[in-house]
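Asks: So the chains spell out like this:
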Amino acid sequence: MSARGLLPIAVVVGLLALIPLGVSANTVLNFLVFTLIIAIAAQGWNILGGYGGQFSFGHAAFFGTGAYATAMLQVHLGLNSWIAFAIGIGAGAAVGLVIGFLSFRSGLRGSYFALITLAFAEVLRIVANASAATGGAAGILIKLDVRPTNFQFHSRAAFFWIALAIVAVVLVVTRWLEHSRFGAQLIAVRENEDAARALGVDVLRVKLGAIILSAAVTASAGCLYAQYFLYLDSTIAYGVWISVEALLAPIVGGIGTVFGPLIGALALHGLGNLTSQMAGRIPGIDLVVYGALLVLAIAFAPKGLLGLVKRLRTRVTRRAIAGPG
Amino acid sequence: MFAPEIVLTAVLNGLLTGSVYALIALGLTLVYGVLHIINFAHGALLTAAMFAVLVVHLGLGIDPYVAILFLTPLFYALGYLLQRFVIGPASHGSDTNLLLVTLGLSIVIENALLAVFRSDTRSIDVPYAFSSIDIGFTLLSVPRVIAFAVALGVALVLGALLTLTDIGKSIRAVAKEKLGAALVGIDVNHVYAVTFGLGTACLAVAACLLMPTFYVTPRAGNAFVLVAFTIVVLGGMGSILGALLGGLIIGVVESLCGLCLGESLGQIGIFLIFILVLLLRPTGLFGAKA
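Quick note, the sequences are listed as chains U and R, same order.
Its first residue numbered 5, the first sequence is counted upward by one per residue in our numbering.
Its first residue numbered 59, the second sequence is counted upward by one per residue in our numbering.
Careful: at least some of the hints might be erroneous.
[Stated by the list, open to error] Facing chain U, a subset of chain R residues (Cβ under 10 Å, in silico):
| hint | residue |
| --- | --- |
| 1 | 95 |
| 2 | 154 |
| 3 | 165 |
| 4 | 166 |
| 5 | 167 |
| 6 | 323 |
| 7 | 340 |
[As the list claims (entries may be wrong)] To list a few chain R residues with every Cβ distance to chain U over 10 Å, as calculated:
| hint | residue |
| --- | --- |
| 8 | 63 |
| 9 | 127 |
| 10 | 187 |
| 11 | 198 |
| 12 | 210 |
| 13 | 224 |
| 14 | 236 |
| 15 | 237 |
| 16 | 239 |
| 17 | 245 |
| 18 | 314 |
| 19 | 316 |
[Said to hold, decoys possible] Per the computed footprint, the stretches of chain R lying under chain U, defined by three or more beta-carbons under 8 Å from a beta-carbon of chain U, are:
| hint | region |
| --- | --- |
| 20 | 157-163 |
| 21 | 172-182 |
| 22 | 283-297 |
| 23 | 328-335 |
The set of hints was computed from the structure by calculation and includes no laboratory data.
For every residue, glycine included, the Cβ atom is placed at its ideal position computed from N, Cα and C.
Assemble the whole structure, with the sequences as input and the hints as a guide.
Replies: So, in structure tokens, the structure goes:
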């Protein structure tokens, strides 16, 4: 990987990292941390959906498993939060392996894959809602014990930087993916699975690798969510909302691009926040904007905001070359 | 174990619930069979229809069963217009785009309803809501028996429409071979919109049948639509008969799972069937090989 590929990541992450130095309002930092958590979940979706072409409608399964594992290991076993966090990511990846193995081995693609991921997430939600270990419908509470060794901080800025660090790591991983042999095989599977197989790509192995990586990234968002809000219930962890958020951000920002999920999450939540403030906090109004944006993005900007910018830029340069008239 | 009367009651109740599930699934499977899209807006449209029943009942005092007569054409028109002017043009003919456009629509509809009606649970008050028929060993709720009869009737009408009328023939032609249908002069976009309209009209009927005994919240449709997906997959995507039988089977399964595992786990049986069918026989019971 060249320095050229990493420079934009360093610049973007560096600029974002400066925000807490200028802004100290808790509401703003809260908003930013939450948006970054969504961005991480979306980066995970983008690896499987954007680069692999496998559209999951159930990334909540990974988000929720990461979140619940982090919370339950601390509450029931008294494990250190950082260790629980790491195991949570592993647990999410394991769920990814199981779901991926079952559905890819049966050759499910397209709508069928979307439906089965949705069903898996729903099963996990119902189980989490009914079982005693997860706190059932009342939810699970992580004890407040503010110590850095315990992954709890007085300052929200600390959480912001940790979330940003995870975003940065995933940006680098995604950039690596674009230039790696594995990534090339994954894109080949997306473009034409049969052709890829004919050329000797082990399609099942590549898809499994993608879903495990994707699940691990989205699970890390869930772990971070649990550690930040210190409370979970089944509709938060395994709800349809996070599956939708995870796919919305890359599609609006730019599917199958390194920065798409981050840009999409910032744009969606920025706009959602703005509308709910302007409309006087009518419930649901921000989500109406999300849905409308999704439809508009697909109708007019199928490659997302990044694609739109690129298209406008080429149009401007073409006009400049063609000259007046 | 349970006494035979209890099990039989659960089975009968399951069949009654299942008939409404089947009606919802009919709309979904019709749209899938012709347009080859999974309509994620189905649940939100059902919720919208349920609120429509609520509004005409509270505002104009119209009985839900009477409302069937004018809400069905109204929702047919709504579905027609949505497909013709929003879903069709926005998706540029790609499958994943269709999936996402309908998902976007469902988010818009659901949350617009939330903004207008807030998240309160609402229901309507009809004098016959709790009346029942005694069939010897158990009591059956009258509104649910009516729902069963009407749902089966709608399925019959829909089947007749598809096999006997000209538009039904064009719909089947488009479902089989889009290009060929276009070549012999069928307006494919019109047929798509008609199909989507019919699917949405089924929801209006289902909403009118549900409201006397059910409640509505802006998220009420979601619970039904996940079940409807299961039925469509179980019965075979695009199969009317499959949706009907699948709906009844799923109704019974849910009822029996609820009896054995308790209310909160009742739905898990449905999703396990869903996953198993997808893994083992994704074409369903009556579906043609893709």
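Asks: Please flag the earlier hints that this structure goes against, numbers listed from lowest up.
Replies: As far as the earlier hints go, not one is violated by this structure.
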